[in-house]
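Student: Listed here are the chains, written in short residue letters.
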Amino acid sequence: MKPAIIHDKNRVSLKPERKTDFRLWIFFGLATVTLCAVFISNLSLGATSIPIHDVTGALFGPDTDNYNQIIVHYQRLPRTLIAIYVGAVMASGGVILQTLTRNPLASTSTLGTNAGASLFVVGGAFLFDFGVEAQGLAALAGAFFGFFCCLSVARMAGRSNDPRGLSLILSGVLVSMLFVAITNAFLLSNPMKRSEFLGWVTGNINHAYIDRLSDFWWIGLLSLLTLFLTARPLTLLLLGTEKAQSAGVNVKGITRIALAATLLGSGSAVAICGPVGFIGLIVPHMVRPFVGNNVLSLLAASVLVGAVVCLIADMGARLFFQPYILHTGLFMDLIGGVVFAFIVKRVYLARAAL
Amino acid sequence: MLKVRNISVRYDKTFVLQELDTEFKTGRLTALIGPNGCGKSTLLKAMMDFLPLETGEVLLNDHNIRKLSRKQMAREMAYLPQECQCPDYMTVGELVELAGYARYAFGSGPSKRDRELFADALATVGLADQASQQVNKLSGGQRQRAWIAMVLAQNTNLVLLDEPVNHLDMKYQYAVLDLVKKLCRERGKTVIVVLHDLNLAAAFADEVLMMNAGRIIAKGSTDTTITDHNVRSTFGLDADIFNHNGRLVCLPCEIAGETVLS
Numbered sequence: 017m018k019p020a021i022i023h024d025k026n027r028v029s030l031k032p033e034r035k036t037d038f039r040l041w042i043f044f045g046l047a048t049v050t051l052c053a054v055f056i057s058n059l060s061l062g063a064t065s066i067p068i069h070d071v072t073g074a075l076f077g078p079d080t081d082n083y084n085q086i087i088v089h090y091q092r093l094p095r096t097l098i099a100i101y102v103g104a105v106m107a108s109g110g111v112i113l114q115t116l117t118r119n120p121l122a123s124t125s126t127l128g129t130n131a132g133a134s135l136f137v138v139g140g141a142f143l144f145d146f147g148v149e150a151q152g153l154a155a156l157a158g159a160f161f162g163f164f165c166c167l168s169v170a171r172m173a174g175r176s177n178d179p180r181g182l183s184l185i186l187s188g189v190l191v192s193m194l195f196v197a198i199t200n201a202f203l204l205s206n207p208m209k210r211s212e213f214l215g216w217v218t219g220n221i222n223h224a225y226i227d228r229l230s231d232f233w234w235i236g237l238l239s240l241l242t243l244f245l246t247a248r249p250l251t252l253l254l255l256g257t258e259k260a261q262s263a264g265v266n267v268k269g270i271t272r273i274a275l276a277a278t279l280l281g282s283g284s285a286v287a288i289c290g291p292v293g294f295i296g297l298i299v300p301h302m303v304r305p306f307v308g309n310n311v312l313s314l315l316a317a318s319v320l321v322g323a324v325v326c327l328i329a330d331m332g333a334r335l336f337f338q339p340y341i342l343h344t345g346l347f348m349d350l351i352g353g354v355v356f357a358f359i360v361k362r363v364y365l366a367r368a369a370l
Numbered sequence: 002m003l004k005v006r007n008i009s010v011r012y013d014k015t016f017v018l019q020e021l022d023t024e025f026k027t028g029r030l031t032a033l034i035g036p037n038g039c040g041k042s043t044l045l046k047a048m049m050d051f052l053p054l055e056t057g058e059v060l061l062n063d064h065n066i067r068k069l070s071r072k073q074m075a076r077e078m079a080y081l082p083q084e085c086q087c088p089d090y091m092t093v094g095e096l097v098e099l100a101g102y103a104r105y106a107f108g109s110g111p112s113k114r115d116r117e118l119f120a121d122a123l124a125t126v127g128l129a130d131q132a133s134q135q136v137n138k139l140s141g142g143q144r145q146r147a148w149i150a151m152v153l154a155q156n157t158n159l160v161l162l163d164e165p166v167n168h169l170d171m172k173y174q175y176a177v178l179d180l181v182k183k184l185c186r187e188r189g190k191t192v193i194v195v196l197h198d199l200n201l202a203a204a205f206a207d208e209v210l211m212m213n214a215g216r217i218i219a220k221g222s223t224d225t226t227i228t229d230h231n232v233r234s235t236f237g238l239d240a241d242i243f244n245h246n247g248r249l250v251c252l253p254c255e256i257a258g259e260t261v262l263s
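Protein sequences, first through last, are from chains D and G. For the first sequence, position 142 (counting from the first letter as 1) is numbered 158 according to the working numbering, and the numbering increases by one without interruption. For the second sequence, position 204 (counting from the first letter as 1) is numbered 205 according to the working numbering, and the numbering increases by one without interruption.
Please keep in mind that the hints were generated in silico from the structure rather than gathered at the bench. Hints should not be assumed to be uniformly reliable.
To be verified - For each label pair, taking beta carbons as the anchor points, the in silico distance ranges come out as: (1) D:Trp233 x G:Gln86: 32 to 40 Å; (2) G:Arg116 x D:Trp41: 16 to 24 Å; (3) D:Ile198 x G:His64: 48 to 56 Å.
To be verified - Footprint (simulated), chain G over chain D, 3 or more residues, beta carbon under 8 Å: (4) 257-263; (5) 308-320.
Using N, Cα and C, we set each Cβ at its ideal position, and we do this for glycine too.
The following block holds chain G by itself, in its conformation from the complex (with noise of 0.2 Å):
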């Protein structure tokens, strides 16, 4: 269980979260949704203890992360960073490998239970038979699921995931999280994802967070939280929201009030 409890964070003099309290409940996928530069992949950062706070704390079953090492909240909760480099040569059963860090005793390496994860976490985003092929050469789709696949194989309860879809053509922003909601059905993992598409979000997510301007807008299910209304506050633009079939969707009409582009 996730708890943040009144955070705020700044860069420099303006605010980028401003007194934020939210909770992220167990086995549910979640997305988070607002504009550029809003304060999502801010939030997840200040989540995984890499920015100072200047109000509030981080619970990570009940326990305050200031307090964590590194490697023991490792061994709780993955992170994807939206743009990830990987070094040339590096291939990804190594790069697999590198996730379970947290798990080895000083100096040695992966016992066999964890070579079973690496398997089964390149099994699991049909990577198997890639593992000597080097990451850098791989397709785009391909290498996004080789990070997944890392955060995969780190085996924690909870994964924050910062845009995984970016990049990637329909078919794989579908694959990435259609497998992302399988591992929260499957094996009951809390997954924080921030996602730019509504339309992905109500397909997929369990509950939505909207955020504009370091505050939260509204959270709650994906069915009640995605109205128009809520769209108009946290993008500042009309949207039609339709129901098609038992799924949202959402369609933007115009930008509401003044012209944002002006």
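Isolated chain D (complex conformation) (with noise of 0.2 Å):
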């Protein structure tokens, strides 16, 4: 009998390819309409409502005169730009993690990132009276330390040193919440400073942050550069070690390179507006649908999504509870714990895999 596999080359057409790719294009561009779309109106809308003429005269050369461009350009505008930034880096950071950890419960505030980030940020502030710079710093090397706590605690659990699935967010879960209690605790033991920080152990998105983006926005496009060039060797991660490593993936070097960019990329997202949670948990798993599992495209959709729904809850906590402002972190956390249930239910309980 003939082996049902046939070698005809006359078969080879590369049609459907194109198809998915028309499909990403099209996801692609509505994302970025609909950043653009959410750009402005999240300039416009707010307290008073400002014409698109004032919008766009406040973004190209501002008139110091009219009132209205000056709220844009003061207020509304860094306020954005500071939510497009931990929008973008925080589901960046998502996509990485949940790559890397082959597990869709990973992300900067599950793992123990964001907790240490702001643990280190707060303490460094209440004990040595950190400026804005060494906060940065603070945060960067908290990323590192709650990451790594959170992979000790789940070595410590687990059965083998390849703490993967369930136990790992356990482990983060338990260190953030223990942070979170040491960073209250600083809190709670100074008066006169805990006001100037309880908006911000909350995700605060303000335009009072303004200098920390100018600071660290430079942190945060390079973790970026990093995570596109290494894209492909962390889509075969996903296949698993040992295939990525015979496909020539040298994974221990993608894995501390990846890791490290992902780290300083949502620590200076926490050290710009406090820890934002839940993106970069919500945002991949909205895009994966759309644009499958590799890491190229998701890693750009997560970009534009992240910013689009960063800029929305940022929307939203400043007109749902009008006169008052809601902190965008709050807002966020309000959301986010719903979709958060909803993953574990669909994703998580069904399948044990991505």
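Dock chain one against chain two, each of which comes alone in its own frame, and use the hints as you go.
Tutor: Now the structure itself:
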């Protein structure tokens, strides 16, 4: 009998892949358009609605006599830029951590990174009177510290020294709880400084932090660049360590580079406006059905959608409870908590792996 | 040419491979045969430099693989693990494209020739029309062929396959191994494949390497190596081996000596 496998070169066609490409382009087109739309409406909507021509005016050479343009230029634009930075960096961090750990619940907020960074910033500011720059460094160090605490707790708890699966997430949550508790203890210890950081620790996107953005933006950019350059070997890692190695990936090296880039990026985001949670967790899940699991397109899509989600959360935080303004981090936690439960039910309890 | 010189591998206290010494001839299909836990997979992993060796070395074209980078190795040898997990949403086309990684310059993607290789690999396994399908939505047989397409797309002279026909029905076991044999014949690839079924090994392999407890029991051409004596010392099982129209057939009779399952 003839074997079922046919070798017929005439049947080779690349058409199906073109179709996938086309879908990708549509997604990225729509995401970019949405980002622009949300960007403009974030500048225009608020306690006072500002007409579009004032918004564009403020973007291209602000008129200092126009009150509306001053609001846009000095208040809403900084806030919007911070939201974009945080959204993009946190979402890409989620993609990388979910890829490296092959765990759908991994993100900077569930692996102790955000909590570690906030602990170091608050600790540094309260104990040693750190300024903005030193706080930034503290956040970077804290991000690493938090992640490695989470890893070592998982190693202690797990049977093997390859802590994938639920034990890693549980350790991350455990470590985060501990760090948040210590951070709160610091906050309680000094009522004078408390007010300065009380908003920050819940993730507060605020125009006041624009100085921090202008100090730290290059860290996130560098981190994103590194991640984009290592996207292909990172995709191979999804196939498992051995398969990746056999295809030529230096697994240890790539893991270290990607991890360092992610931790530095998310550390810098925390340094700017505190730990805005859940973006890194939910955005990768939002884009995966559309762009697939290829880390390159996943990263690009997550950067765009992460920025969009963060901008919408910021808008919601400012608009929904008028005249009060909610902290974006709190608002994100409100949405994120629900989506988190949804992911656990849908992805995690249904299948163990990605 | 892949040579294994005196290698021993240890998991905790037990030696899984004991001073193993062999070489694999270019352009031949070698089947690794042996009971569960005899070290077949470990041998493949040792040859891929996944495991620390207690003693010995693995030589790829007379170079110690320890001294080669992962990329250098990946241009020479491809490996298919026993259990492969593909992430959700990844398509067959994407999977195959990943195989070219070792050939790409830093930060760049596949060249035109790479794309031809990918298309050829898909056509070879009969999945040319399924390139945009998600791997996890394929049937078991198609999925296994997608993984084999990825191995082919790596375009290496050496191919190591760890139980590639597990979980496949008879037809696809036959089809996959027939394809592997063709690669040997037509493209001069050296293939080392772990098999459980002696009859499949007899039908497709040029050489057989029989192992038990981390040692080589017998090695040589298929016709002369698959004998009732060797099967007995490898598996501890009495078997009738007879020749049916030029093909060896192995029929187990009874477990030799004391029973294994008691």
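Student: Hint by hint, note whether the structure agrees.
Tutor: Okay, the hints, checked on the actual structure:
{"no.": "1", "hint": "D:Trp233 x G:Gln86: 32 to 40 Å", "result": "holds (38 Å)"}
{"no.": "2", "hint": "G:Arg116 x D:Trp41: 16 to 24 Å", "result": "holds (19 Å)"}
{"no.": "3", "hint": "D:Ile198 x G:His64: 48 to 56 Å", "result": "holds (53 Å)"}
{"no.": "4", "hint": "257-263", "result": "holds (count 5)"}
{"no.": "5", "hint": "308-320", "result": "holds (count 3)"}
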